[in-house]
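Residue-level listing of the chains:
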Amino acid sequence: MSAPVLSSPEAFDCRVAFADELAALAREDERIVAVCNDSVGSSNLVQFQKEFPDRLINVGIAEQDMVGVGAGLALSGYIPFVCGASPFLTGRALEQIKADVAYSQSPVVLCGMSPGMAYGELGPTHHSIEDLSWLRAIAGLDVIVPADPAETRSAVRWAAHAARPAFLRVGRFKVPAVTGERPFTYGAATTLRDGTDVTVVAAGTMVSRALDAAEEAAEQGVSVRVLNMSTIAPLDEEAIRAAMRETRGIVTAEEATTTGGLGAAVAAVVVTERTPVPMRLLGIHREFAPTGTTAYLLEHFGLTAADIRAAALTLARTDA
Amino acid sequence: MLVADPRTAAAWRLFRQEFADAGPERRREMLRTRANQSRTADLRMIGRAKLGHVGGDMSVLDILTTLFFGVLRVDPEKPEWADRDRFVLSKGHTAGALYATLAAAGFFPEAELDTFAGPLSALNGHPNRVKVPGVETNTGPLGHGLPVSVGMAVAARLSGSSRHVYVVLGDGELQEGSNWEAAMTAGHRGLANLTAVVDRNRLQQGARTEETNTLDPLDDKFRAFGWDVLEVDGHDHLALFEALTSPRGSRPTCVIANTTKGRGVSFMEDRVEWHHKVPSAEQIVTATAELAR
Numbered sequence: 001m002s003a004p005v006l007s008s009p010e011a012f013d014c015r016v017a018f019a020d021e022l023a024a025l026a027r028e029d030e031r032i033v034a035v036c037n038d039s040v041g042s043s044n045l046v047q048f049q050k051e052f053p054d055r056l057i058n059v060g061i062a063e064q065d066m067v068g069v070g071a072g073l074a075l076s077g078y079i080p081f082v083c084g085a086s087p088f089l090t091g092r093a094l095e096q097i098k099a100d101v102a103y104s105q106s107p108v109v110l111c112g113m114s115p116g117m118a119y120g121e122l123g124p125t126h127h128s129i130e131d132l133s134w135l136r137a138i139a140g141l142d143v144i145v146p147a148d149p150a151e152t153r154s155a156v157r158w159a160a161h162a163a164r165p166a167f168l169r170v171g172r173f174k175v176p177a178v179t180g181e182r183p184f185t186y187g188a189a190t191t192l193r194d195g196t197d198v199t200v201v202a203a204g205t206m207v208s209r210a211l212d213a214a215e216e217a218a219e220q221g222v223s224v225r226v227l228n229m230s231t232i233a234p235l236d237e238e239a240i241r242a243a244m245r246e247t248r249g250i251v252t253a254e255e256a257t258t259t260g261g262l263g264a265a266v267a268a269v270v271v272t273e274r275t276p277v278p279m280r281l282l283g284i285h286r287e288f289a290p291t292g293t294t295a296y297l298l299e300h301f302g303l304t305a306a307d308i309r310a311a312a313l314t315l316a317r318t319d320a
Numbered sequence: 001m002l003v004a005d006p007r008t009a010a011a012w013r014l015f016r017q018e019f020a021d022a023g024p025e026r027r028r029e030m031l032r033t034r035a036n037q038s039r040t041a042d043l044r045m046i047g048r049a050k051l052g053h054v055g056g057d058m059s060v061l062d063i064l065t066t067l068f069f070g071v072l073r074v075d076p077e078k079p080e081w082a083d084r085d086r087f088v089l090s091k092g093h094t095a096g097a098l099y100a101t102l103a104a105a106g107f108f109p110e111a112e113l114d115t116f117a118g119p120l121s122a123l124n125g126h127p128n129r130v131k132v133p134g135v136e137t138n139t140g141p142l143g144h145g146l147p148v149s150v151g152m153a154v155a156a157r158l159s160g161s162s163r164h165v166y167v168v169l170g171d172g173e174l175q176e177g178s179n180w181e182a183a184m185t186a187g188h189r190g191l192a193n194l195t196a197v198v199d200r201n202r203l204q205q206g207a208r209t210e211e212t213n214t215l216d217p218l219d220d221k222f223r224a225f226g227w228d229v230l231e232v233d234g235h236d237h238l239a240l241f242e243a244l245t246s247p248r249g250s251r252p253t254c255v256i257a258n259t260t261k262g263r264g265v266s267f268m269e270d271r272v273e274w275h276h277k278v279p280s281a282e283q284i285v286t287a288t289a290e291l292a293r
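Protein chains in written order, with the UniProt record's numbering: chain Y, 1 to 320; chain W, 1 to 293.
Okay, chain Y solo, but in the shape it has when bound:
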């Protein structure tokens, strides 16, 4: 049983850890290359470019080309980290991700930078809330959403060694450290706080909020388990089944559309069991965001600790 991990007040941009770890890996392994779309700055590749100018392939504003070039490098023995703002990487190059990366089994690490609503006021064109739904539908593509800088580092290292088609969602919106010393474990949920009444399954920016919600719920006498589901695909179905056996309801929380992302993935496990448990799916329900900062939009869409706690309390008090 793991000890509860409380979120710390300090918050971090995961891109910093990402860039730092990638440069470290590149120093160890000359097969590591980076491919980007005029995003040297926004993908935090300045240091990488400085140290490895030949191994940074900037194709300009051309995402289809970027992913195809990444696939060609991967099929030639390199380990490309293909980096671009997540909305453009996934939306513009979706067919390249499907055919050139996943179906061709080319070990490209697709790095969706600044995902979710990290670009706040820049609006829905720059939000990447559909990525989890789109990519989860593609066979053979791992979908990874680290929760904090330490897990981002660990996931980057895993991806470099795994040599599998993978998508990493690299957060820009600042998050507290929540995973402690636990390394990223591919395909496995990590229990950040155990509980017996309700389980919250969260990913990325929602994990620290889920921990805060669990703390607040405890004060109201409700015991909440918090699972960090950093691998969205393939999903840790056993952790979901355990949550069904050991708690009375499941809340999912994601900075993404609920039509196909984490919540939908968890629900697909829950409803196919003999005795499903009630669920609440927190996320964005087929809406484009209004204007606002990221923090404002998370509040607008009911993605705060208070919202998660309220959903958990509702389920805890539901008579099965």
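There is no bait here: all hints are sound.
Restraint ranges, calculated between C-beta atoms of paired labels, are given here:
{"#": "1", "chain 1": "Y", "residue 1": "Glu30", "chain 2": "W", "residue 2": "Val272", "range": "48 to 56 Å"}
{"#": "2", "chain 1": "W", "residue 1": "His276", "chain 2": "Y", "residue 2": "Ala139", "range": "25 to 33 Å"}
{"#": "3", "chain 1": "Y", "residue 1": "His161", "chain 2": "W", "residue 2": "Asp83", "range": "20 to 28 Å"}
Footprint (simulated), chain W over chain Y, 3 or more residues, beta carbon under 8 Å:
{"#": "4", "region": "52 to 61"}
{"#": "5", "region": "94 to 107"}
Quick caveat, the hints were computed from the structure, so don't treat them as lab data. Even for Gly, the Cβ is constructed at its ideal location relative to N, Cα and C.
Place chain W on chain Y using the hints.
Quick look at chain W alone, frame taken from chain Y:
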């Protein structure tokens, strides 16, 4: 994954040796005969599967034959050899032509061609590198081969390898914008180790390319993107061979191969309906007789 057929691979090796030693007329005859044998094999596959893209297959087969039987530094028995030349068929719908060529070179047994498009066959309607040796990347959706080939050429340069990357593009697929993104990258980076061959048959699925969305002047377009451009008769094996092996400068090379869709079968030539129409048994007999001439 299919495995090589050592006997056919040995015959291919002998062919390559004889080709290297032969004079121009003998070379032309060797490739012409070989290409028409593949055309016949392809027609048989399509007739059996009742599926395929016969017009484009006939159009591209002289290019594929010249590459695999005259140009590419590959080894059918070592398809993973790191320093092999890379070949990408961007117009993946002409998989039948590629399969017939790969089987003739011994990458896998020719008997496998009988399974084309059948249930669980390795030989899907579009090529799958995970199942078919000699296929470097999965194609089918158009506009994918050139970006991947650019990545392969960048990789060859990064690793200091002299391997060359060849990609065959359909002309119609040049309407896909992704090609021009990649053409720009190749020109910008001066990828002299990259050759794109355009199968310029001037027909796309529904109509003539120039009636659909004008491609000409194609040579000027590639030149403007920083490429060297050569234009040849895409059914003249010697001209193809010379263009594909010509000394390279500091830019990528585009070979515009002027071809005829349905080439070699009189009733198919330059007719738009033969994009993916399936010939009848009688038509296959007639076509096979024409190709044996």
